[in-house]
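Trainee: Okay, here's what each chain looks like letter by letter:
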Amino acid sequence: MTDVATHKPRSWRVMPAPSVVISIAAVLAAGLLGVVLIFAMGVSVSDALAAFIQGTVGTPYAIAASINRSIAFALVGIGFVIANRANLVNVGGEGQIAVGGIAATAVALYGHVEGLPAGLAFLIPLLAATVAGMLWGSIAAALKIKAGTNEVISTLLLSFIAVWLLYWCVQSPVLLRKPMTSSATLPESLEIPDATKLPLLTGDYSFPVHIGLPATVVIAIVAAIVLAKTVFGLRLRAVGFNPIAASRAGISYSRMVLLSLAAAGALGGLAGGFMLLGEQYVLKDGFSSGYGFDGLVAGLLARGSIVGVIAAALLFGFLRSGGINMEMVAAVPTALVMVIQGLIVVTLAGAAYFIGRRP
Amino acid sequence: MTWELFAVFVGSSLRLAVPLLLAGTGELVSERAGVLNMSIEGMMLAGAFAAAVGAWATGSPMLGLMICVIAVLPVALLQALLSNTLRANQIVTGIGINILILGATTLAYREIFGARSREQIPGLSKWSPPLLGNIPYFGEAVFQQVWLLYAGLAIIALTALVLRYTSIGLVVHAAGAEPRAVDKSGISVTLVRYLVVIFAGFMSALAGAFLSIGDIHTFTEGMTRGAGYLAIAAVIFGKWTIGGCILACLLFGAATALQFQLPTLGIDVPNALLIMLPYLLALLAVGGLTGRQTAPRALGEPYFRR
Numbered sequence: 001m002t003d004v005a006t007h008k009p010r011s012w013r014v015m016p017a018p019s020v021v022i023s024i025a026a027v028l029a030a031g032l033l034g035v036v037l038i039f040a041m042g043v044s045v046s047d048a049l050a051a052f053i054q055g056t057v058g059t060p061y062a063i064a065a066s067i068n069r070s071i072a073f074a075l076v077g078i079g080f081v082i083a084n085r086a087n088l089v090n091v092g093g094e095g096q097i098a099v100g101g102i103a104a105t106a107v108a109l110y111g112h113v114e115g116l117p118a119g120l121a122f123l124i125p126l127l128a129a130t131v132a133g134m135l136w137g138s139i140a141a142a143l144k145i146k147a148g149t150n151e152v153i154s155t156l157l158l159s160f161i162a163v164w165l166l167y168w169c170v171q172s173p174v175l176l177r178k179p180m181t182s183s184a185t186l187p188e189s190l191e192i193p194d195a196t197k198l199p200l201l202t203g204d205y206s207f208p209v210h211i212g213l214p215a216t217v218v219i220a221i222v223a224a225i226v227l228a229k230t231v232f233g234l235r236l237r238a239v240g241f242n243p244i245a246a247s248r249a250g251i252s253y254s255r256m257v258l259l260s261l262a263a264a265g266a267l268g269g270l271a272g273g274f275m276l277l278g279e280q281y282v283l284k285d286g287f288s289s290g291y292g293f294d295g296l297v298a299g300l301l302a303r304g305s306i307v308g309v310i311a312a313a314l315l316f317g318f319l320r321s322g323g324i325n326m327e328m329v330a331a332v333p334t335a336l337v338m339v340i341q342g343l344i345v346v347t348l349a350g351a352a353y354f355i356g357r358r359p
Numbered sequence: 001m002t003w004e005l006f007a008v009f010v011g012s013s014l015r016l017a018v019p020l021l022l023a024g025t026g027e028l029v030s031e032r033a034g035v036l037n038m039s040i041e042g043m044m045l046a047g048a049f050a051a052a053v054g055a056w057a058t059g060s061p062m063l064g065l066m067i068c069v070i071a072v073l074p075v076a077l078l079q080a081l082l083s084n085t086l087r088a089n090q091i092v093t094g095i096g097i098n099i100l101i102l103g104a105t106t107l108a109y110r111e112i113f114g115a116r117s118r119e120q121i122p123g124l125s126k127w128s129p130p131l132l133g134n135i136p137y138f139g140e141a142v143f144q145q146v147w148l149l150y151a152g153l154a155i156i157a158l159t160a161l162v163l164r165y166t167s168i169g170l171v172v173h174a175a176g177a178e179p180r181a182v183d184k185s186g187i188s189v190t191l192v193r194y195l196v197v198i199f200a201g202f203m204s205a206l207a208g209a210f211l212s213i214g215d216i217h218t219f220t221e222g223m224t225r226g227a228g229y230l231a232i233a234a235v236i237f238g239k240w241t242i243g244g245c246i247l248a249c250l251l252f253g254a255a256t257a258l259q260f261q262l263p264t265l266g267i268d269v270p271n272a273l274l275i276m277l278p279y280l281l282a283l284l285a286v287g288g289l290t291g292r293q294t295a296p297r298a299l300g301e302p303y304f305r306r
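Sequences listed follow chains E and Y, in order.
Counting in the working numbering, the final residue of the first sequence is number 359, and the numbers go up one at a time with none missing.
Counting in the working numbering, the final residue of the second sequence is number 306, and the numbers go up one at a time with none missing.
Read the hints as simulated data drawn from the structure, not as lab findings.
Positions of the beta carbon are idealized from the N, C-alpha and C atoms, including for glycine.
Treat the hints with care, since some could be wrong.
[Unchecked claim] Facing chain Y, according to a computed beta carbon distance under 7 Å, are these residues of chain E, among others:
1. 61
2. 143
3. 156
4. 161
5. 167
6. 168
7. 207
8. 229
9. 300
10. 333
11. 336
[Claimed, not checked] Not the full set, but computed from the structure, chain Y residues with beta-carbon under 10 Å of chain E:
12. 158
13. 162
14. 273
Could you build the full structure based on these sequences and the hints that come with them?
Mentor: Structure, rendered in structure tokens:
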């Protein structure tokens, strides 16, 4: 248990130095092990690394794809950090992305939004995605408040449910599946109208970074300020350290649980909205493709720091892109990236013992 | 519904419930002693993979089963080391291990099987108890099962007896409720908690082996599909009692069996809804259908002497 009396209030300081060193060491060690594994598989390490670098920074398109991935990871990770301030662990990013994607598709296709002016055509679907994610996160909060259900297990189960909900939506013609013209019609939605697609920063499809990037930067800054400098941030931390003491001080535990999990869910839903409206344009089975878990790992790795989340999200965004290209070019399965991520999480969780702070 | 179909339904419910029952019992013992073991999903997957590879490489499902139990031991030791000695956050370590195992088994599967992925893996043989096997309809559909199912049920029954009637059971319960008292009585809490995690690993290994070489005779990437999390939900649903946990696992098994049964009855329910059903039931279950929850008091808190 953390002793509240001796705990120095965290100021603007990002994170203590030893944990930065250990985080970087863990990432490097896991990466090195990845190289060893590539070698053990009998693949030429130089070929694999060349494919990796080509896939991460080789072309403007690769860089943009990595950044777009990082946006989703960062949003889920920021949500994780917010909930984690209240000592809650949101493992539901995957499901929140899925419901966000479903809501964004439904509104973009059937919400009659494409004729609206001033960007409302894509802002309304984004809002729908955010609200859907928020509601999905709130279910876990409601269960926690009403029945004391551990949010880890409820958010995990909600993720499974959301992923199958997505499958249902794209399988069923009465839901979001595109009209069946033949038996070969794929189980996916129609492509969303052009007006509902997110504008690209450069307007050029060879570097397709969308407006989610500036939006995410703003959200990250706001989240960092709210957590570090506002009464709300302080209350979250108070609830996280000691719910009983916090409630004696007049802070409502239920309110904090609801607000933080709803915020985490909203960010996950928004990530799903960005993914659909900014890159994929068509809702398919497997839409969330593990992004929720990558975002969760980014959040874990960051140890409560928003700057850390951004760094980890960028790392994983580029790692994923490189991993995908390695699979295509050098026949190294992308599962290698998961091995590296798992090692990072396990190492950091174990290392917390030596630096006296737990994630 | 005819008797015949009903018997098939009961048989497949039981078969689908067995991995949950095994892993759930392991998790129950671990949680009663105070260790929240999120990694049973990963340990099941590791077990399923090791059993499949072992059985395929040696040609003997029995050797596959032994290889599976040995292969999961280091994973269980890693979880035990992290959650007891290094006092790491048990949820974080569990999720980390699950990601690691999912990646590692997928990678190794592609490396080992690759193009041979369609190859049949030798599976465990079936057995039916005398007399019971002769009941009309039910004999074949319900009791003609892989022998590991019966062995597993026997282990679960034995575990229930040990927990209820022996001093071992008392120590396990006490380690989760009053670890300090256990320590004062001269028994090492750390040792008890290492052993329960290893037990959970053993049970998860059996559960995984049942999935791969007991049920479908093959391995697929990420084949546990959250069964480990369902097992954890079953422990919560059963209010940390072994009887409750068993009932919950049987319920989830029956819910899973419905997705194969309803279509044969001509009942048109969306497939996705049926696949979702066990998770939905689990969510309702942990969401307070059973009332306020009564977790072991020291659950998830690493123990150390002050």
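Trainee: Go through the numbered hints given earlier and state which of them the structure violates, listing their numbers in rising order.
Mentor: 1, 7, 8, 12 and 13
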